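Residue numbers (our numbering), protein chains in the order written: chain A, 1 to 258; chain B, 1001 to 1249; chain C, 2001 to 2646.
Bear in mind the hints are in silico, worked out from the structure with no lab data behind them. Since we're looking at a predicted model, the values are computed, not measured. It is possible that part of the hints are untrue.
As the list claims (entries may be wrong) - Using 25 Å as the maximum straight-line C-alpha spacing, the simulated DSS-like pairs for lysine-lysine come out as follows:
| id | chain 1 | residue 1 | chain 2 | residue 2 |
| --- | --- | --- | --- | --- |
| 1 | A | K207 | B | K1173 |
| 2 | A | K89 | B | K1173 |
| 3 | B | K1173 | B | K1104 |
| 4 | B | K1104 | C | K2118 |
| 5 | C | K2514 | B | K1104 |
| 6 | A | K105 | B | K1104 |
| 7 | B | K1195 | B | K1136 |
| 8 | A | K105 | B | K1173 |
As the list claims (entries may be wrong) - To list a few chain B residues with every Cβ distance to chain C over 10 Å, as calculated:
| id | residue |
| --- | --- |
| 9 | F1017 |
| 10 | D1023 |
| 11 | F1033 |
| 12 | N1036 |
| 13 | D1061 |
| 14 | P1101 |
| 15 | I1128 |
| 16 | D1175 |
| 17 | K1195 |
| 18 | R1196 |
| 19 | G1213 |
Positions of the beta carbon are idealized from the N, C-alpha and C atoms, including for glycine.
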Amino acid sequence: MKTLTNTTNVDGARANGRRQIVYELISGGTGLVLALFMWGHVILVGSILTGERGFNWMATMLEDYYIAQPTVAAIFTLFVIHAVFAARKIPAQLAERRRMIALAKGLDRAGREKVPSRRDNSPFVPHLESMLWIWQVRTGMVILVLGSFHLILLGVDVFTPLFGEHAGIESTTSMARVAAGLWLPYAILLLCVEFHASVGLYRLVVKWGSGFLPHRRYLHRIEQFIFWVVLGLGTITLLVLAGWMSPPLEFLLTDVAS
Amino acid sequence: MSDKETTAPRRLRFEIFRFNPEDPESEPHIDFFEINERPYMTLYMALNEIRETQDSGLQFDFACRSAICGSCGMLVNGRPALGCRTLTGDLPETIRLHPLPAFKLIGDLSVDTGTWFREMAERTEAWIHEQQPFDKDAQEERMSDDIAQAIYEGDRCIECGCCVASCGVANLKPDFLAAAGLNRVARFMMDPRDKRDDADWFEVVASEQGVFGCVGMMACADVCPKELPLLEVYAYLRRRTLGTKFLAD
Amino acid sequence: MTSQLITTDVLVIGGGLAGERCAIEAAAAGQDAMILSLVPPRRSHSCAAQGGMQAALGNCVKAEGDSPDVHFQDTVRGSDWGADQEVARIFAEEAPIAVRELAHYGVPWTRVRGGKNKYFIKGESVEIDEALENDGLITHRDFGGTAKWRACYAAAGTGHAALYAVDSQVVRLGITVRDRVEAVSLVHDGRRCIGVVARCLRTGKHFCVLAKATVIATGGYGRIYGRYTTNATINYGTGAALALDTGIVPLGNMEAVQFHPTALSPSGILITEGCRGDGGYLLDRNLHRFMVNAEPEKQELASRDVVSRHMEQCIKDGNGVDSPNGSHLWLDIRHLGEKHLTTKLLEVFDICRDFAGINPAHDLIPVRPTQHYSMGGVRVNKDGEAYGLAGLYAVGEAACWDMHGFNRLGGNSLAETLVAGRVVGARVAEYASLTTLHANTEVAFAALAAAEARATTLLQREGTGRSVYEIRDALGEVMIGKVGIFRNGDDLKSAVEDIRALIDECSNVVLRHKGPGANPELAFALRLPGMLRLALTVAMGALARTESRGAHFRTDFPLRNDREWLSRTLARWQPDAGAPTLSYEPVGLLDLPPGHRGYGSDERIEMQATIGEYNDAVSAGQVGEGRLATFEPFGSRLRQSQGEAR
Ligand SMILES: Cc1cc2nc3c(=O)[nH]c(=O)nc-3n(C[C@H](O)[C@H](O)[C@H](O)COP(=O)(O)OP(=O)(O)OC[C@H]3O[C@@H](n4cnc5c(N)ncnc54)[C@H](O)[C@@H]3O)c2cc1C
Ligand code: HEM
Ligand code: HEM
Ligand code: SF4
Ligand code: F3S
Ligand code: FES
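Please model the complete structure; the sequences and the hints are all you need to start from.
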């Protein structure tokens, strides 16, 4: 198969191949780690559901054992790397993006066609995944802006105590700033990131695992389930942080204390 | 079957993309046609009826009219499909038809898929690179029926181009091999009669024109009229590239 | 593209299996080959072949004892002794090589599975132990009219797999393929064919391709039966019409038109014979297996002409199933089970689902005999040389090489395309290497100008009248109604008149669309006269042949008549004549003497001459009948060497 590459030398093409694999592994791998981290994030920030004490206990512990600081640094690095490598797939020109979107919309709204299938005879759901990819790009852009801001904010939170008086992540500061208006960017970020992560994971699984995994129809259902659960938890967390809801799991800790 | 025949026939409205590059006066536009629906009417019947009774300049391609030759791919309400296999009964009353994108337009609904596929075949050297020259006096080489079936599954592609047209990446990158091309590569990789090894196909598969051009939009698998397991093919190829340990020297 | 004159060594008109295999042979021998095709080669109608390809490999239990000799006999019986037996012999000997060569090219033939296998035979489920030592060899399925299981197959997509494999070799050899190009006339000087005038179906421009050797491989002419055919919409038979237009080259046995028993009703899409080969039955309205009584021995697997007649008779007797689109019968393959249907008969499963909305594992399939194959075509000798013009060849369904006589056996056609491609291709290469290009530009430009004038006249003509499409439909109705499965003198006479009237009407036809470019209506209008002429040749040949042989069945002459009609019809169309002139030649040297086919009726009119006398007459006559004596006939050399080996 030298025709594809006979203008350049073979080693160049092979080196390119090697590079492409590495790029793909980087963008997919960082995406995977970030997505898994976001599940952990739900639990960490979700500690607010047990009340401020739980939240602060968690934060203090992570900071005191120097888990938080390297994590923030690592996540920030992965975040940037992921953005850089994943973005190489985004069409550069506006006209190209428009064309892609038009195509995806056409497929998505194709209408009533039934596509008979040998695998089962369920009526066809107009194609969705192209549109999901478009939205992944869009949410990625939003995450880039809001996520960077959030990470810098948290970086300040966890690193300043190393140099001075500041007390690190604290429920009061967190709740105060969320209530003061950060709830809006957070809500947007939450929606975007959970969507981006669950769709990304789904895509990753299909891209590498099709063949011995269940049909993607089922994988998609699992993906949707996870998306709604995580989004739900995140929303409640946000409501509690903003002070619009009392921590629903507070009784757990009060019981222990009494 | 019967309930379809007893209901009153619908009046179908077609919105068809028109452009004849050979005619200097022609501008891309949409033409409207109306015909009565008949039971089990396919787009093959409908388009011929339009051409024969309303506009005999209308260009489109059909050959086998039985979903095996791959001539008649077109965008049906935005979705690539085989015209001969699409029943109007499965469509709304208004049917929008456009030529397949990603291919060179010949005229109206007719596109040049032949050139695309020939180029793809040349680039990927899509033929058996045999171990030995043919010996006409020898018995055929043995092959287990399971492998034969697996190869047949990949060989079923009819080169209709629907997967290419549906893929966002293939629409933007003319040199992307797309699902049809990579499916063909995989078919030869699987074939024990082909002597090419990992190193031979690595550069084609592991590249932006190959499997890493794909971003997983998955439309290809959804529109393939032959229901080829294209996503499985992609996943297989991806895993095979890892299996090469990147072919470090 | 803009050039009006292109040259090459070997020009092949048609990118189906026959044309491509022929081009490969020529290119491998170092000749520059070029293929012209209406569609990209892989879309040629060869891709539609489903069921299988006959070759006597004898690999599975039910094929044990098979040999080219048995294959030869089946072929001649199938042809109702209309075949050229020398050719049938060459064919049967070479078919195994052709199948193995395809395996070499990459066709995923279905293979023998050693151990217990379940088959359906004559309606019974049977378990057969395949020998373990045969595991992995190419297996066979049963087809109509054969003594052994012989059809090699790749699920139900045999033609597709074969065409893709062969085309991959065309790509490999870098053979130039000009798709969306239609040959519209042959360029010749009365003695030698030097190429064609072609029309580009992208731009509508005409150009000339000049070559040392020209090969017609344009497939069958099923579309003269309008929509009552299993053939692709591109099977206009243009190649045969081009040869007929020369006035010199004759067409052979045009009245021999095959009807396939099981085409989906009403769309006419083929359901392969492999369904019956694998154990499917035919049922009438009472769900009764009428073929068991009609043909106790072969049942559903008698030859196609016989089964089609029984089916049509069954419908005539009022036992058809009524539907808004006319009567039909049922094909039952439910008992084969969903697993079998979605593997070995996958294409059939898909067609039933897509075009009839049924699942053949649960539902009966509505079927009706429908035009399927053209035994007739450009008459060529053993070497594929057309009579009368040097440098002109024909292969495949377009040719009357004549191994099929009056009825082709299922699976013999794919095998023919490849065997003929090999044999004739080698001959073409040999011819081309010994000759130089006769680039007679005067003749070429005259032909080009004539073709352009035809198109211009059509575009400029004003007036009213029926459209080309209406004339085409009218032709189809005449052909199916009067030149169908059952024929008789009165119907045929009236068909001849009808077609002549259509020819007149067509010569004044007016186009609706006069725009520039390919203009699909103009393209069709240019083909239609050729289709009409072929149709007239079929009808007149059928009218003149006052006997019944194979697919040609005359209710007024129901017996096969070996005394008077052991002959092949040759039709030539003199320039400016209103109809073809018919003449006859003997079918060829007889090896297997005429007798009972083993199915169908056993009554016939015996020949009077002895085989020896007949063969002497053949040998003498062959020289007179325009056979080109320039070279030692390739086929006979082949036969001689085999004779020595035996
Ligand atoms: C539905 C169906 C199923 C079949 N199944 C079987 C089977 O199971 N087994 C079997 O043995 N046989 C089968 N046959 C028969 C067999 O498929 C054909 O006879 C055989 O494939 C013909 O091959 P060919 O190369 O001669 O012609 P085709 O494959 O028809 O090719 C004709 C070529 O000529 C080109 N052409 C035509 N006119 C022109 C022109 N004027 N200028 C330029 N190019 C032109 C076309 O573009 C095409 O490329 C089947 C036939 C049909 C219709
Ligand atoms: C910084 C902003 C981000 C941008 C611009 C971005 C962009 C993208 C893009 C364009 C893709 C598609 C790549 C491809 O198809 O190959 C993608 C994939 C993915 N992203 Fe992000 N992303 C961002 C942040 C994140 C975050 C925070 C997470 C985790 C929660 C994440 C998880 C994923 C996953 C799992 C994938 C799938 C990888 C694959 O299919 O190969 N991304 N991202
Ligand atoms: C290690 C890195 C991170 C730490 C330590 C961290 C910590 C926190 C904390 C303490 C809050 C509470 C609100 C606040 O204090 O402002 C919060 C909320 C939030 N964080 Fe992070 N975060 C990290 C990474 C990320 C990343 C990468 C994202 C996504 C791009 C993200 C998205 C969010 C969102 C959406 C909220 C809103 C609350 C919710 O509903 O969950 N965080 N995070
Ligand atoms: S893979 Fe499917 S959609 Fe793509 S060309 Fe082949 S048959 Fe058509
Ligand atoms: S649609 Fe395109 S992006 Fe990949 S999964 Fe299919 S090739
Ligand atoms: S016409 Fe052959 S696939 Fe539609």
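* Asked: Of the hints stated earlier, which fail here?
  -> The structure conflicts with hints 4, 10, 13 and 15, although it agrees with all the remaining ones.
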